[in-house]
Amino acid sequence: MHFKINLTLIAVLSIVLFFSIPFYNNWLNTNLLNPSLSFWTLYKQMDIEQRKISRFGYSYVIYKEVAGVFASAKIKNPVLLLPPDAFLKERRVTNLAVVEPAIFYYFTGHKAVWYNSPGVAAANCALVPDNNGKVVLKRITTPEDLNNMITAYKKYKID
Amino acid sequence: MNIIGLICILIAQFFSGAGIVRLFRIQLSTVPSWCLSMITGVALTSFVPCFMQLLGIPITHTYTAISIGLFTALCSIPLILPFRMPRLGTIVLPKMYELPFILVFLFLIVSSLWRCFYFPPTPRDVLAGAELLAEFTVREHTMVNSVYSIDLHTTNNQFKSPYLTSLQIIYKLYVCPFGQLWLGSLFVPLVIWLYNILRDRIHSLLACMVLLMYFAIPDAFAYTYIMLYDFSNMVFFFSGFYFLTQYILHKRQPDFAFSVFLFGIATYIRVETLVLVALVSLMPAFNYYKEKLPLPRIALRTLLLMAGPVFFYIVCMHIFIPNFVPAKLDTAGQINQNLTDVSAYFTRLSAINDLLIFSEKGVLVFGYYMYFFMAILTFDLIFIRKFTREARMALFGIGVVYFGLAFLGYLLPLFDVLNTTKRGLFKVIPLISLYYANSGMITRISDYLKRKELKASEPDTQTTTAPRPVVASAKQKEGKAKK
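Protein sequences, first through last, are from chains G and B. Oh and the first sequence: position 113 is 113 in our numbering, straight run, nothing missing. Oh and the second sequence: position 407 is 1407 in our numbering, straight run, nothing missing.
Treat each hint with caution, since some may be false.
Below 25 Å or equal to it, Euclidean Cα-Cα: the simulated DSS-like pairs (lysine-lysine) are [unchecked claim]:
no.: 1; chain 1: G; residue 1: Lys-76; chain 2: G; residue 2: Lys-138
no.: 2; chain 1: B; residue 1: Lys-1455; chain 2: G; residue 2: Lys-111
no.: 3; chain 1: G; residue 1: Lys-44; chain 2: B; residue 2: Lys-1172
no.: 4; chain 1: G; residue 1: Lys-111; chain 2: G; residue 2: Lys-64
no.: 5; chain 1: G; residue 1: Lys-52; chain 2: B; residue 2: Lys-1172
no.: 6; chain 1: G; residue 1: Lys-4; chain 2: G; residue 2: Lys-52
no.: 7; chain 1: B; residue 1: Lys-1290; chain 2: G; residue 2: Lys-111
no.: 8; chain 1: G; residue 1: Lys-155; chain 2: G; residue 2: Lys-111
no.: 9; chain 1: G; residue 1: Lys-64; chain 2: G; residue 2: Lys-134
no.: 10; chain 1: B; residue 1: Lys-1172; chain 2: G; residue 2: Lys-64
no.: 11; chain 1: G; residue 1: Lys-134; chain 2: G; residue 2: Lys-155
no.: 12; chain 1: B; residue 1: Lys-1452; chain 2: G; residue 2: Lys-4
no.: 13; chain 1: G; residue 1: Lys-134; chain 2: G; residue 2: Lys-111
no.: 14; chain 1: G; residue 1: Lys-44; chain 2: G; residue 2: Lys-74
no.: 15; chain 1: G; residue 1: Lys-4; chain 2: B; residue 2: Lys-1095
no.: 16; chain 1: B; residue 1: Lys-1450; chain 2: G; residue 2: Lys-4
no.: 17; chain 1: B; residue 1: Lys-1450; chain 2: B; residue 2: Lys-1095
no.: 18; chain 1: G; residue 1: Lys-74; chain 2: G; residue 2: Lys-89
no.: 19; chain 1: G; residue 1: Lys-74; chain 2: G; residue 2: Lys-111
no.: 20; chain 1: G; residue 1: Lys-89; chain 2: G; residue 2: Lys-154
no.: 21; chain 1: B; residue 1: Lys-1172; chain 2: G; residue 2: Lys-4
no.: 22; chain 1: B; residue 1: Lys-1095; chain 2: B; residue 2: Lys-1455
no.: 23; chain 1: G; residue 1: Lys-89; chain 2: G; residue 2: Lys-134
Pairwise CB distance ranges, derived in the manner of DEER restraints [as the list claims (entries may be wrong)]:
no.: 24; chain 1: G; residue 1: Thr-41; chain 2: B; residue 2: His-1250; range: 19 to 25 Å
no.: 25; chain 1: B; residue 1: Ala-1222; chain 2: G; residue 2: Gln-50; range: 20 to 26 Å
no.: 26; chain 1: B; residue 1: Asp-1330; chain 2: G; residue 2: Ser-72; range: 40 to 46 Å
no.: 27; chain 1: G; residue 1: Ser-20; chain 2: B; residue 2: Val-1144; range: 51 to 57 Å
FYI, nobody ran anything at the bench for these hints, they're computed from the structure. Just so you know, these numbers come straight off a predicted model, no measurement behind them. Even for Gly, the Cβ is constructed at its ideal location relative to N, Cα and C.
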């Protein structure tokens, strides 16, 4: 029995020593015991949309708002022209991460295209930066509008 | 979350897996057998939506439930014919000194399961691939859905195995909107099985310590709740490798057959595993050569090992993609066009060392796990200089993954170092644990602890057995004689 107690003490000691190693201690505190990730904090927020927002961030909110505008404006078959990330950064829009068309479809159920996508001609809306570091949704009404945007975007590489 | 749905799916997975484990006549004790049944069942149920799609059955709640039920019944036939009650062997309860570790493991397991349930899938590869396809399959009741009408030119994830998509479909339909909880059905049985493997070979205290190091690998732990292909691939690759070693050690044909099947599943999850299995096949081939088997038989048996992976490779690349994915995959375009330049292989090998093992990034990914392994191996090489057959095979497996991943990087330039190779290296983690279970240094410490434990428990056994009264009566007799 004494030996088993000794082994139990060794077990406890080795766990304590293991998690005292700075790297593992940091891992434990930041990844597992972090209050923002704790069960009690997260349990208060069980709504599916809220969980998506907290995971995908601000960009997800913007894309959902875009989808909301599509619905309220009753735009038929909306296809969004996505600006290149570098284009937005240059215009001081820093908090919006541009996602690829597949992920936009996952978020909203609506189609999006890059300037170099095969179906770019079908784009009828675009996200464009305003002067306050934000983006606004703009309707593309003429082929000239679309061509102008594509020409402006072509200077930027799509990551 | 739909608890009843989850329980039903877990039961279906368990019984379909148990049926296949029985079909292969795998001899395992109770707990490992349950774990293996669960692991196998997860992969098996992932075939259901694919079969439904192939047969043109709409993927709805009702039809999927019926299909899973029928599939489970079909897989469970070996459990019923001939009818035998499940063998309930003795379950070894944890000892007192294992409890502190078990509490830590439980905490880590619950954390992983909770995150699986709570967080939506985030990796870009699944949001633009499996998760996207699964989400729209659930909405549109077909795997060939509107996703293929959008611009997918920036991603190749639609060409990946249907394994993840199928499991997501099932769990989204019956369990919770984010799916993902199936990761727990792999993770929990894997660690319990691994723990049993370790405990069979080394003292429980050391087994616990090895498992703690396994749990505390930051990236490997993260992928127990972040959905991607590599964790599942690791589980099945390790399982296949383990049964291959058991076949070589004990000459049990069912182990070989099961290993072929498990390697097949690993290939079904990530097709490039085929290359690694081809390298692994050198191990039994060398063994046959040592047994002086004729060359044609060596070749035939080696080809048999490749049968499962090749079958699943064909299923993925020549049946799934041409029939389910309405887009063309340019396989030839993905292969390195300058294969004569072998220096690319060595460049890749040194990149693995520099970026993933001997670097800050390496520590962030694997913790000190790799360094600890190297220290133990060096100690064994210098001081012990004796390796069991299982240890040698585990080392061979580690070598296959290490050199094989570099080879894959040389073959397929898209197979990058910091993402794909990094996650591919997870496959060495359970193999390293298997090595620890056979390491000369660790087994010596284990033997010492076992001896001490046995010695410490001896006086206790004397009190309960016959000798003591005999001794007592002899002393009494002696005393009487003196009087």
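Tell me, in ascending order, the numbers of any earlier hints that this structure violates.
2, 6, 7, 14, 18, 21, 24
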